[in-house]
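**Student:** Below, each chain spelled out in residue letters.
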Amino acid sequence: MEHGYTIKSKPIYGALAWHDKATVHLVIAQSQGGLAVLKLFEQMQPKQPVRVLYAQQDTDYAKTLKKVVPEGLDVLNSEQELLDVLKSIMPTMRMGLRIYIAGSEGFIWSVAEAVKAFGVENADLMKEQTDTLARTIYCVHCKAITHNITTNIGKCSGCGRMLFVRDHFSRQMGAYMGLMIDAESPGELPAIEEIYP
Amino acid sequence: MALNFKKETFREDYTYSNSGESIKRFPFPFPEDQYMYSVNIEPHTKGKPGSVCEFAFDIDEHYVAECLDKRITLEQDPGRYQALPHMMDAQWDFLELTMEALAQDYPEHFSLQKQGLIWTWENKPLGIKDTFTFGDTSTLATEPFDYIGRQLQGDFVLLDHRDETLYADAGIVTSQADWSLAFNVGMSWREWHGPVPRATELGVMDRALKYLLNLQLGSPVRRLNWTMTVNPRLDTSPENYPHWGSDRNTVNADNVADLVHLRVELQTLFRLPRSNAIVFSIRCYLISLKDIATYPRWAKRLHRVQKTMHPDLIEYKGMTKFHPLMVDWLAKFDDGEALTVGTHAE
Ligand code: HEM
Chain A
1 MEHGYTIKSK PIYGALAWHD KATVHLVIAQ SQGGLAVLKL FEQMQPKQPV
51 RVLYAQQDTD YAKTLKKVVP EGLDVLNSEQ ELLDVLKSIM PTMRMGLRIY
101 IAGSEGFIWS VAEAVKAFGV ENADLMKEQT DTLARTIYCV HCKAITHNIT
151 TNIGKCSGCG RMLFVRDHFS RQMGAYMGLM IDAESPGELP AIEEIYP
Chain B
198 MALNFKKETF REDYTYSNSG ESIKRFPFPF PEDQYMYSVN IEPHTKGKPG
248 SVCEFAFDID EHYVAECLDK RITLEQDPGR YQALPHMMDA QWDFLELTME
298 ALAQDYPEHF SLQKQGLIWT WENKPLGIKD TFTFGDTSTL ATEPFDYIGR
348 QLQGDFVLLD HRDETLYADA GIVTSQADWS LAFNVGMSWR EWHGPVPRAT
398 ELGVMDRALK YLLNLQLGSP VRRLNWTMTV NPRLDTSPEN YPHWGSDRNT
448 VNADNVADLV HLRVELQTLF RLPRSNAIVF SIRCYLISLK DIATYPRWAK
498 RLHRVQKTMH PDLIEYKGMT KFHPLMVDWL AKFDDGEALT VGTHAE
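Heads up: the protein sequence lines correspond to chains A and B, in order.
The working numbering numbers the first residue of the first sequence as 1 and each following residue consecutively.
The working numbering numbers the first residue of the second sequence as 198 and each following residue consecutively.
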């Protein structure tokens, strides 16, 4: 394709910033996403109530967060624990809620899926990608999901086919499309390179 | 006029072929010597008798064989049918639209009797007769969209209209040009069109969407889209790409006219009454290069269109491997005569 070709379903993530119309803020972060939360609180300490859920991982900002976030901070030990707490507090959230998510792309879309069940639309989520560019891929042939793909071509966890990672992204699945790379020339693989470190 | 349904296949031995009549009515998509994406949408008004636009939904000699092929594909991969829960009203709207159209336009093959909400549907070519209660899903063996979608040629997507865009929230898709319903379900207009090169930059996609958001009940619209496919295969899905992808390696100068097919999609869109959803119908027509050359005007036109095709479109449509062979074969029909605008065969 000529220069300038992009697949428009690829999500573009920005940097977190407070919504001034919110009546309550829910900030959800993992690992290096903690830094994004600290930057958010540097912008200001909002007047409205804030709830922060943070999952510690490789990098840990819990100590600093405890100093910066005056109240409403929960530090959890894993993504799963965080998602469980999130699901338990969602029913108590009021109208005017704004949600902010910072973490790996896999984390962002796990959170998006969890809150969708409570009627929160994708458009109401602000997202910042941190930690890694690693991708979740959906094998279009056997339908298996494979996490943490860091290379242009990845092996399907379901059928073992070598999949080319397309930029085509499905919000529903939180995954990129993986398409068999050597269907037209079995066994001939291009160089496998890390491009999503 | 009673149709003569053919026995033929769209896989393995590929016995599919077009009769002379079928070639003549083929929806040839190129009115000019050049092609680029455009907002080629027009009202879906009644066409000439015998043409593919004579009726709302075209049934032709391939009907029975195509429904059989669809059944095989759905059996192997039930994921080719998807419907999000909020689309049930649209499903019944769809069933009503299609059953009424078929019964009215092809009375010798289909009939619909209504006694209040108790409806009896008969499909003679497929040997189906069922009585059910309109609006009551428990009275049909499958969901209504699945039930009638299997009895129609072509693919269908039901679009939910919200947030100033359209969402592909249901579909029955077994004859697609390389896109996946299971992956696309729930996507918005911009997302599912994400991979199409150049069209967004040309402003085609935004204008087309604007047009569709205004689609009125009772005023359907249509457009043609096209690609080239090796073998008359309906199921050129990404799901089964490992099965058909290597067919592209089999094309050579001797067999190009038999193997390479022009694949035209007659796409029609209808607003639905209760759900306010939109039906997107994609009716696929296949014709070999050899059969196109029945009409020298078409062969000349196709030669010029292909010779000047934008490289991004050659790549996106998967034609890279056999494109030069196709252009060479078509060249021998092209004497350079000026052709007037129009898709007519003669
Ligand atoms: C509203 C119903 C429609 C649906 C569900 C739909 C769906 C799709 C899908 C799934 C693709 C394939 C994208 C891929 O590569 O994965 C596609 C391609 C395309 N669509 Fe649509 N489409 C619709 C209407 C339209 C309309 C009204 C236009 C008018 C301009 C349009 C223009 C195109 C074009 C130009 C392509 C590229 C086709 C090719 O080069 O073969 N679509 N569409």
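Keep in mind that the hints were calculated from the coordinates and are not lab data.
Glycine residues also receive a C-beta, built at the ideal position from the N, C-alpha and C atoms.
You may find that some hints are simply not true.
[Stated by the list, open to error] Restricting the straight-line Cα-Cα distance to at most 20 Å, the calculated cross-link-like pairs of lysine-lysine (PhoX-like) are:
1) A:Lys39 to A:Lys63
2) B:Lys407 to A:Lys8
3) B:Lys529 to B:Lys514
4) A:Lys8 to B:Lys311
5) A:Lys63 to A:Lys21
6) B:Lys311 to B:Lys321
[As the list claims (entries may be wrong)] Beta-carbon label-pair distances, calculated as ranges:
7) A:His3 to B:Leu536: 32 to 38 Å
8) B:Ala338 to A:Tyr13: 41 to 47 Å
9) B:His283 to A:Thr151: 35 to 41 Å
10) A:Ser185 to B:Thr397: 30 to 36 Å
11) A:Thr23 to B:Asp333: 31 to 37 Å
[Stated by the list, open to error] Covered stretches of chain B (chain A as the covering partner; in silico rule of three or more C-beta atoms under 8 Å from a C-beta of chain A):
12) 320-330
13) 376-382
14) 440-451
**Student:** Which of the numbered hints are not met once you compare them with the structure shown?
**Tutor:** 3, 4, 5, 11 and 12
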